[in-house]
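K.L.:
Sequence:
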Amino acid sequence: MPMHRLGKPEEVASLIYFLCTAGASYVNGAEIHVNGGQHV
1 MPMHRLGKPE EVASLIYFLC TAGASYVNGA EIHVNGGQHV
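Just so you know, we're using our numbering here: the sequence shown kicks off at 1 and counts up by one.
Calculated from the structure, these hints are not laboratory results. Every residue, glycine too, gets a C-beta built ideally from N, C-alpha and C. A few of these clues could be false.
To be verified - Here are the simulated distance ranges between beta carbons:
no., residue 1, residue 2, range
1, Gly-37, Ile-16, 15 to 21 Å
2, His-4, Gly-29, 29 to 35 Å
3, Gln-38, Ile-16, 30 to 36 Å
4, Tyr-26, Pro-2, 14 to 20 Å
Turn these sequences into a full structure, and let the hints steer you where they fit.
P.N.:
Quick look at the structure:
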């Protein structure tokens, strides 16, 4: 784990919240990984 810790539910929730705001209105068809740099 590059960040040396597990993610918190609040960190995932903050991305979901952002995607529901006007600030994300130009985001289209993106694949966003919320994994702290961990790749399987």
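K.L.:
Hint by hint, note whether the structure agrees.
P.N.:
The hints, checked one at a time:
1. Distance hint check for Gly-37 and Ile-16: the Cβ-Cβ separation is about 19 Å, which falls inside the suggested range of 15 to 21 Å.
2. About 32 Å separates the C-beta atoms of His-4 and Gly-29, a value consistent with the hinted range of 29 to 35 Å.
3. Taking the beta carbon of each, Gln-38 and Ile-16 are about 19 Å apart, not inside 30 to 36 Å as hinted.
4. Here the CB-CB span from Tyr-26 to Pro-2 is close to 28 Å, at odds with the stated 14 to 20 Å.
Checked against the numbered hints listed earlier, the structure breaks hints 3 and 4; every other hint is satisfied.
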